[in-house]
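Build the full structure now, drawing on both the sequences and the hints.
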Amino acid sequence: MFVGTLSFDLLLGDVRSLKEKRSVVRPIIAELQRKYAVSVAEVDHLDLHRRAVIGLAVVSGDAGHITDVLDRCERLVAARPEVELLSARRRFHGDDD
Numbered sequence: 138m139f140v141g142t143l144s145f146d147l148l149l150g151d152v153r154s155l156k157e158k159r160s161v162v163r164p165i166i167a168e169l170q171r172k173y174a175v176s177v178a179e180v181d182h183l184d185l186h187r188r189a190v191i192g193l194a195v196v197s198g199d200a201g202h203i204t205d206v207l208d209r210c211e212r213l214v215a216a217r218p219e220v221e222l223l224s225a226r227r228r229f230h231g232d233d234d
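In case it helps, my numbering puts the sequence shown at residues 138 to 234.
Hint data in this document are derived by calculation from the structure and do not stem from the laboratory.
These numbers come from a predicted model, not from an experiment.
Every residue gets a Cβ at the ideal spot worked out from N, C-alpha and C, and that includes glycine.
Take the hints with a grain of salt, since some may be wrong.
Beta-carbon label-pair distances, calculated as ranges [to be verified]:
id, residue 1, residue 2, range
1, Leu155, Gly198, 36 to 46 angstroms
2, Ser144, Gly198, 16 to 26 angstroms
3, Glu157, Ser197, 34 to 44 angstroms
4, Asp151, His230, 29 to 39 angstroms
5, Leu222, Ser176, 17 to 27 angstroms
6, Asp232, Ser160, 37 to 47 angstroms
7, Gly150, Ala225, 10 to 20 angstroms
8, Ser160, Asp199, 34 to 44 angstroms
9, Lys156, Val196, 26 to 36 angstroms
10, Asp208, Ala167, 15 to 25 angstroms
11, Leu183, Glu221, 17 to 27 angstroms
12, His230, Ser154, 33 to 43 angstroms
So, in structure tokens, the structure goes:
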């Protein structure tokens, strides 16, 4: 069994309230869940208007599949025009961990 995790540090565009922040972050989370069947949540900077950290995890018996899914998730978030991807941190856990 292999587990891959990915966290995105995002700078949001013209957002002036936490309500506006939710209207940007929730669709990203929903699209990642729907397209790639990953577990996703906003995990940090919950009280800041223009920053968000989204974390996701995927489990598979095939390490190559995890790499492919994480690559696709990263491209999806990086392509969103309403956010700027400041960093993406990837971790991979295998049977030996």
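Hint check:
1. For Leu155 and Gly198, the hinted distance range of 36 to 46 angstroms is satisfied, since their beta carbons lie about 39 angstroms from each other.
2. Look at Ser144 against Gly198: about 23 angstroms separates their beta carbons, and that is inside 16 to 26 angstroms.
3. Here the CB-CB span from Glu157 to Ser197 is close to 35 angstroms, well matched to the stated 34 to 44 angstroms.
4. For the pair Asp151 and His230, the beta carbons lie near 37 angstroms from each other, so the given range of 29 to 39 angstroms is met.
5. Distance hint check for Leu222 and Ser176: the Cβ-Cβ separation is about 20 angstroms, which falls inside the suggested range of 17 to 27 angstroms.
6. At roughly 41 angstroms, the beta carbons of Asp232 and Ser160 sit within the given window of 37 to 47 angstroms.
7. Between Gly150 and Ala225, the C-beta spacing of about 18 angstroms keeps the proposed range 10 to 20 angstroms intact.
8. For Ser160 and Asp199, the Cβ-Cβ distance of about 36 angstroms falls inside the hinted range of 34 to 44 angstroms, so the restraint holds.
9. For Lys156 and Val196, the hinted distance range of 26 to 36 angstroms is satisfied, since their beta carbons lie about 33 angstroms from each other.
10. The hinted range of 15 to 25 angstroms is satisfied by Asp208 and Ala167, whose Cβ atoms lie roughly 20 angstroms apart.
11. In this structure the hint that Leu183 and Glu221 lie 17 to 27 angstroms apart at CB holds, the actual value being about 19 angstroms.
12. Range check, His230 to Ser154: about 37 angstroms between beta-carbon atoms, so the 33 to 43 angstroms window is met.
Of the numbered hints stated above, none is contradicted by the structure.
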